[in-house]
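Participant: Take the sequence shown: its position 86, counted from the start at 1, is 190 in the working numbering, and no numbers get skipped.
Incorrect hints may appear among the rest.
The list that follows gives simulated cross-link-like pairs (lysine-lysine, DSSO-like), each with its CA atoms no further than 27 Å apart [stated by the list, open to error]:
1. Lys145 - Lys204
2. Lys171 - Lys145
3. Lys171 - Lys204
4. Lys190 - Lys204
What the hints contain is simulated information worked out from the structure, not anything from laboratory work.
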Amino acid sequence: ALGLEPPILERAGSVFDRRRDKRSGDYKQPLEDHPHTTVIKPHEYEDAHAVAATIRNHPLVAPMLSKGRGEVVLTWDDPETELPCKARIDWLNAAIIDLKTIGTTNERQVNARIAQNLWHGQLAQYARGAYENGLGRLPA
105 ALGLEPPILE RAGSVFDRRR DKRSGDYKQP LEDHPHTTVI KPHEYEDAHA
155 VAATIRNHPL VAPMLSKGRG EVVLTWDDPE TELPCKARID WLNAAIIDLK
205 TIGTTNERQV NARIAQNLWH GQLAQYARGA YENGLGRLPA
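Please work from the sequences and hints to get the whole structure.
Facilitator: Next comes the structure, spelled out in structure tokens:
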């Protein structure tokens, strides 16, 4: 969701341009200075901003992101198993939006990745979480 909300990147990311080695004093310092952030390389920072711009300017996606909020965390107890559940939805408005980076637009390859990674099951879980949190039956 860093691509959806660049301000999250500013709060959650610390840019470090050398080798990430937790034994190194150079690496330990940014972790100590910013203990609740993720240390990223400059190119990762730039990539995240480029992804954000691409998403925000996409003719089909941009209107879906004009309203709603990002990084929505839902928790609930599954009514059948009574197990605690948690979901972090990329973007939530009148629908559940979950973006993935897959590196291709080939329909067969996209469908294969969805099946391989069980992303359809993840969306079903998100939809269940929305329902259990009183948000109704939202399309995913």
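Participant: Confirm or reject each hint.
Facilitator: Evaluated hints:
1. Lys145 - Lys204: holds (21 Å)
2. Lys171 - Lys145: violated (31 Å)
3. Lys171 - Lys204: holds (20 Å)
4. Lys190 - Lys204: With a Cα-Cα distance of about 19 Å, the restraint between Lys190 and Lys204 holds, given a limit of 27 Å.
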